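**Student:** Protein chains in written order, with the UniProt record's numbering: chain G, 1 to 439; chain A, 1 to 439.
A few of these clues could be false.
Where chains are identical, the list cannot tell them apart; a pair therefore holds if satisfied intra-copy or between any two copies.
[What the hints assert, rightly or not] Distance condition first, Cα-Cα at most 20 Å in a straight line; then the derived DMTMM-like pairs of lysine to aspartate or glutamate:
id, residue 1, residue 2
1, Lys25, Glu36
2, Lys68, Glu122
3, Lys194, Asp215
4, Lys386, Asp96
5, Lys435, Glu33
6, Lys294, Glu326
7, Lys370, Glu429
8, Lys380, Glu250
9, Lys315, Asp134
10, Lys373, Asp416
11, Lys435, Glu36
12, Lys380, Asp96
13, Lys370, Glu432
14, Lys380, Glu306
15, Lys370, Glu32
16, Lys370, Glu36
17, Lys380, Asp134
18, Lys373, Glu32
19, Lys386, Glu421
20, Lys435, Asp416
In short, the hints are calculated from the structure, not lab data.
Computed from a predicted model, the values in this text were never measured in an experiment.
Number of protein chains: 2
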Amino acid sequence: MSDRLNPQRLRGFRDFLPESMALRKYVIRTFEEIFERYGFLPLETPSLEYAETFEGKSSTEAETLMYKFVDAGGRRVGLRYDLTVPLARVVGMHPDLPMPFKRYHIAPVWRAERPQKGRYREFWQCDVDIVGSDEPAADAEILAIISDCLSAVGFKEYRVLINHRKILSAMARVAGASPEQAVHVYRAIDRLSKVGADGVRQELIQLGLSPDSSDRLIALINIEGDADTVLSHLERLLEDQPEGIQAINELRSILNLLSNYNVNMNSYLIQPSLARGLDYYTGAVFETVVDEPKVGSVTGGGRYDELVGIFAGKKIPTVGTSLGLERIIDVLEELGLMTPPRVSADVFVTVFDTSCIASSIQIAANLRRKGIKTELYLGKPGSLRKQLTYASRLGIPWVIIAGPDELANNEVTLRDMQSGEQKRLPLHELPEHIKSLWS
Amino acid sequence: MSDRLNPQRLRGFRDFLPESMALRKYVIRTFEEIFERYGFLPLETPSLEYAETFEGKSSTEAETLMYKFVDAGGRRVGLRYDLTVPLARVVGMHPDLPMPFKRYHIAPVWRAERPQKGRYREFWQCDVDIVGSDEPAADAEILAIISDCLSAVGFKEYRVLINHRKILSAMARVAGASPEQAVHVYRAIDRLSKVGADGVRQELIQLGLSPDSSDRLIALINIEGDADTVLSHLERLLEDQPEGIQAINELRSILNLLSNYNVNMNSYLIQPSLARGLDYYTGAVFETVVDEPKVGSVTGGGRYDELVGIFAGKKIPTVGTSLGLERIIDVLEELGLMTPPRVSADVFVTVFDTSCIASSIQIAANLRRKGIKTELYLGKPGSLRKQLTYASRLGIPWVIIAGPDELANNEVTLRDMQSGEQKRLPLHELPEHIKSLWS
Numbered sequence: 001m002s003d004r005l006n007p008q009r010l011r012g013f014r015d016f017l018p019e020s021m022a023l024r025k026y027v028i029r030t031f032e033e034i035f036e037r038y039g040f041l042p043l044e045t046p047s048l049e050y051a052e053t054f055e056g057k058s059s060t061e062a063e064t065l066m067y068k069f070v071d072a073g074g075r076r077v078g079l080r081y082d083l084t085v086p087l088a089r090v091v092g093m094h095p096d097l098p099m100p101f102k103r104y105h106i107a108p109v110w111r112a113e114r115p116q117k118g119r120y121r122e123f124w125q126c127d128v129d130i131v132g133s134d135e136p137a138a139d140a141e142i143l144a145i146i147s148d149c150l151s152a153v154g155f156k157e158y159r160v161l162i163n164h165r166k167i168l169s170a171m172a173r174v175a176g177a178s179p180e181q182a183v184h185v186y187r188a189i190d191r192l193s194k195v196g197a198d199g200v201r202q203e204l205i206q207l208g209l210s211p212d213s214s215d216r217l218i219a220l221i222n223i224e225g226d227a228d229t230v231l232s233h234l235e236r237l238l239e240d241q242p243e244g245i246q247a248i249n250e251l252r253s254i255l256n257l258l259s260n261y262n263v264n265m266n267s268y269l270i271q272p273s274l275a276r277g278l279d280y281y282t283g284a285v286f287e288t289v290v291d292e293p294k295v296g297s298v299t300g301g302g303r304y305d306e307l308v309g310i311f312a313g314k315k316i317p318t319v320g321t322s323l324g325l326e327r328i329i330d331v332l333e334e335l336g337l338m339t340p341p342r343v344s345a346d347v348f349v350t351v352f353d354t355s356c357i358a359s360s361i362q363i364a365a366n367l368r369r370k371g372i373k374t375e376l377y378l379g380k381p382g383s384l385r386k387q388l389t390y391a392s393r394l395g396i397p398w399v400i401i402a403g404p405d406e407l408a409n410n411e412v413t414l415r416d417m418q419s420g421e422q423k424r425l426p427l428h429e430l431p432e433h434i435k436s437l438w439s
Numbered sequence: 001m002s003d004r005l006n007p008q009r010l011r012g013f014r015d016f017l018p019e020s021m022a023l024r025k026y027v028i029r030t031f032e033e034i035f036e037r038y039g040f041l042p043l044e045t046p047s048l049e050y051a052e053t054f055e056g057k058s059s060t061e062a063e064t065l066m067y068k069f070v071d072a073g074g075r076r077v078g079l080r081y082d083l084t085v086p087l088a089r090v091v092g093m094h095p096d097l098p099m100p101f102k103r104y105h106i107a108p109v110w111r112a113e114r115p116q117k118g119r120y121r122e123f124w125q126c127d128v129d130i131v132g133s134d135e136p137a138a139d140a141e142i143l144a145i146i147s148d149c150l151s152a153v154g155f156k157e158y159r160v161l162i163n164h165r166k167i168l169s170a171m172a173r174v175a176g177a178s179p180e181q182a183v184h185v186y187r188a189i190d191r192l193s194k195v196g197a198d199g200v201r202q203e204l205i206q207l208g209l210s211p212d213s214s215d216r217l218i219a220l221i222n223i224e225g226d227a228d229t230v231l232s233h234l235e236r237l238l239e240d241q242p243e244g245i246q247a248i249n250e251l252r253s254i255l256n257l258l259s260n261y262n263v264n265m266n267s268y269l270i271q272p273s274l275a276r277g278l279d280y281y282t283g284a285v286f287e288t289v290v291d292e293p294k295v296g297s298v299t300g301g302g303r304y305d306e307l308v309g310i311f312a313g314k315k316i317p318t319v320g321t322s323l324g325l326e327r328i329i330d331v332l333e334e335l336g337l338m339t340p341p342r343v344s345a346d347v348f349v350t351v352f353d354t355s356c357i358a359s360s361i362q363i364a365a366n367l368r369r370k371g372i373k374t375e376l377y378l379g380k381p382g383s384l385r386k387q388l389t390y391a392s393r394l395g396i397p398w399v400i401i402a403g404p405d406e407l408a409n410n411e412v413t414l415r416d417m418q419s420g421e422q423k424r425l426p427l428h429e430l431p432e433h434i435k436s437l438w439s
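All chains, please: the whole structure from these sequences, using the hints.
**Tutor:** Right, here's the structure in full:
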């Protein structure tokens, strides 16, 4: 015992002590409930997969940021980089799944990123995806669930920004970018909110676009206003781009369907510069931003019709979104949007001395059987003051004292920890009395 | 899309499709509820730790079975081997935690074991531990929670086997084993149920014990009967071993305290051969076995007063147990001990055609707002038969049909999928009617 080992945790990884767990569990359960209310089914996949399962799928970033290693059996393995690629693998392995397949998955993923505020190497994603439907109704359902989830945990100010990959490609064509340049153009214009119009312009010119073309593109991505206004404006500017016009009409259908859900349509905006980092999107893309605090996007997703089918060998259209648990919790905490639920027990049962411990156990066992969260003191018996300090540090609101006096009369003393008030109660009235304190 | 990638999963790792998830989630939530009812608080730690955090702690097995690798920053890291060592690290990093600290942790751990039936490389542990108490009341509380958890999920036949490390060492001394031989002797006698008395005898003789000593030891570990009988018998045989007598009295105290909980004392038996594989136990040890199906132990734990303090640099007595989620689920499934909760939505809303989709969305959104789990059809509209087949494959019990006929009268058709019966209902009565079907 003399050799103390220095306890240390890896950078970018976190412990969640009980108080933060209360909020995490609350948010996760709220999301699960909403996902299930929409008829999404839970799916879980391994933390570790063949590295090649992830390679060449989601993005070039994934290649460098994945935790990869060779296991004892000589296999190249990797920690789950996201929850989307495993979904694709599962669909590929189960050709008989009823389609559309609506699944949710709430679990950690790992990325060897540079740790910084709000960015961790182990973080949780809450994913919902609709596999096997290319209907705009599926896109609308995903957009509706985003707002349901955020509202349910207390978000008030947020904007769901929407764009379409085919609007992006039409814009790139209009600006004279070659198909090879297109991906780089998307990346450049996606940085509009970070580097401003001038910054994007510079990047476009570096990519080889003419100053004229760059200006046309900047004009396109700078269109502002409500969804209708922006879409009509885009329609005029892209009138000779049939794919672009089709994408605009698709977004109109999606928004039109969305308006039948119980959501606030003012939260949904068309943002022509939105590209989303990942290369696999093929249709609508969307992300949710809040202005305060500045945490980046709290959800991201869209339609990707090519990825899921890679393992099945046929096209399987899919749309979905990921809600970022840690960022959502960061926002809730920073804006004080919710009081975290109390994590402690409802009642603390003291142990007067060794002779009374059997009675204390019986009292605790009885309260628990009635569904009351009860902590029994398990340290050395005696010193009521020490036990009260302990209960108070744990934030337990009610304390039961059952000494020889009380027990001789089949009574207990119930102490309100906030006011310090105490009263005697017959033992048999205790559970009902405690329950009444909450109602 | 022509290059189909072969979807494959690593051996010893599993996907959980929605139907198995329903049972897993039910068991996890039941355990969480019971842990919280006992006043245990949730704690979560990273999946990845410095490899040295685990090394030299739990067992020699851990060294070889841990998934270890060097990360991109040159750190030697390892996937979490158990939930106990991370608890010790957290306690070492937070000297101010109120003690006793009662925490629970339900999460996966990873071990590069040979995969076989009931043994996986990624599996979930449900751990409860009481840190900072050397009172027998803490041991009793852990023993009570085991039986509460197993009963709550439907277990009927199980035995919680109990022993004490100091009874084991007293027995080893009585049999003439040297302190160096002791650990090997424990391992040998722990295999009684696997290799039988003759097998253990052979192993003891190979370890260097005399045939006479081996026979005495076999006689000791073979004592059978209820807890009282076995303890009294042991007391006579170990009368000249003060440490052994003290351990026997400790077990008596624990069982005596335990009898004040709402548990069936007949499930708790003293098993003198029980050693538990891990080397870190110092006091009472226990595990739960079921005879059918033969899955090995479904819980394991005990008192370990030296491990947690390693990171704090002082002794921190701790007792706890781990419930093995997968084995518990294996037993529930094999014995048919519970009907897994239905995973599907309660109601399925069909989409008659594109002109009716807005109404279908409104119906679904309204039901969801009332808390009813509702799946909206998101495939290509039309073909009612196809949609009914889909709803039936998902196991959804009620289907709503809202075609132009129904909608013109502000009505819907509600179909009972089991009987095939259909009836018309006014739209505004729908949510209450559906709720009434469950009550």
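**Student:** Does each hint hold? Answer for all of them.
**Tutor:** Evaluated hints:
Taking the shortest Cα distances, Lys25 and Glu36 sit within 20 Å of each other both inside one copy (16 Å) and across copies (13 Å). Proximity of Lys68 to Glu122 under the C-alpha cut-off of 20 Å is found in both arrangements, the shortest distances being 14 Å within a copy and 17 Å between copies. In this homomeric assembly, Lys194 and Asp215 come within 20 Å of each other (Cα to Cα) only inside a single copy, at 18 Å, whereas the closest approach across copies is 79 Å. Taking identical chains as interchangeable, the C-alpha atoms of Lys386 and Asp96 lie at most 20 Å apart only when they sit on different chains, with a minimum of 15 Å there against 62 Å within one chain.
Taking the shortest alpha-carbon separations for Lys435 and Glu33, only the inter-copy value of 17 Å comes in at or below 20 Å, while the best intra-copy value is 26 Å. Taking the shortest alpha-carbon separations for Lys294 and Glu326, only the intra-copy value of 13 Å comes in at or below 20 Å, while the best inter-copy value is 42 Å. For the identical chains of this complex, Lys370 and Glu429 are intra-copy neighbours only, at 12 Å inside a copy versus 36 Å across copies, given an alpha-carbon limit of 20 Å. Taking the shortest Cα distances, Lys380 and Glu250 sit within 20 Å of each other only across copies (15 Å), while inside one copy they are farther apart (69 Å).
Proximity of Lys315 to Asp134 under the C-alpha cut-off of 20 Å is restricted to the intra-copy arrangement: shortest distance 11 Å within a copy versus 62 Å between copies. Taking the shortest alpha-carbon separations for Lys373 and Asp416, only the intra-copy value of 16 Å comes in at or below 20 Å, while the best inter-copy value is 40 Å. With identical chains, the CA atoms of Lys435 and Glu36 are at most 20 Å apart between copies only, with a shortest distance of 16 Å across copies and 30 Å within one. When the C-alpha separation of Lys380 and Asp96 is checked against a cutoff of 20 Å, the pair qualifies only between copies, where the shortest distance is 18 Å, while the shortest distance within a copy is 59 Å.
Taking CA atoms no more than 20 Å apart as the test, Lys370 paired with Glu432 passes inside one copy only; the shortest distance there is 9 Å, against 30 Å between copies. Within a single copy, Lys380 and Glu306 get their C-alpha atoms only as close as 63 Å, which misses the 20 Å cut-off; across copies the closest is 19 Å, which meets it. Taking the shortest alpha-carbon separations for Lys370 and Glu32, only the inter-copy value of 16 Å comes in at or below 20 Å, while the best intra-copy value is 27 Å. In the homo-oligomer, the alpha carbons of Lys370 and Glu36 lie at most 20 Å apart only across protomers (13 Å), although the nearest pairing inside one protomer, at 28 Å, exceeds that limit.
With identical chains, the CA atoms of Lys380 and Asp134 are at most 20 Å apart between copies only, with a shortest distance of 8 Å across copies and 65 Å within one. Taking CA atoms no more than 20 Å apart as the test, Lys373 paired with Glu32 passes between copies only; the shortest distance there is 12 Å, against 23 Å inside one copy. Taking the shortest Cα distances, Lys386 and Glu421 sit within 20 Å of each other inside one copy (18 Å), while across copies they are farther apart (66 Å). Proximity of Lys435 to Asp416 under the C-alpha cut-off of 20 Å is restricted to the intra-copy arrangement: shortest distance 14 Å within a copy versus 39 Å between copies.
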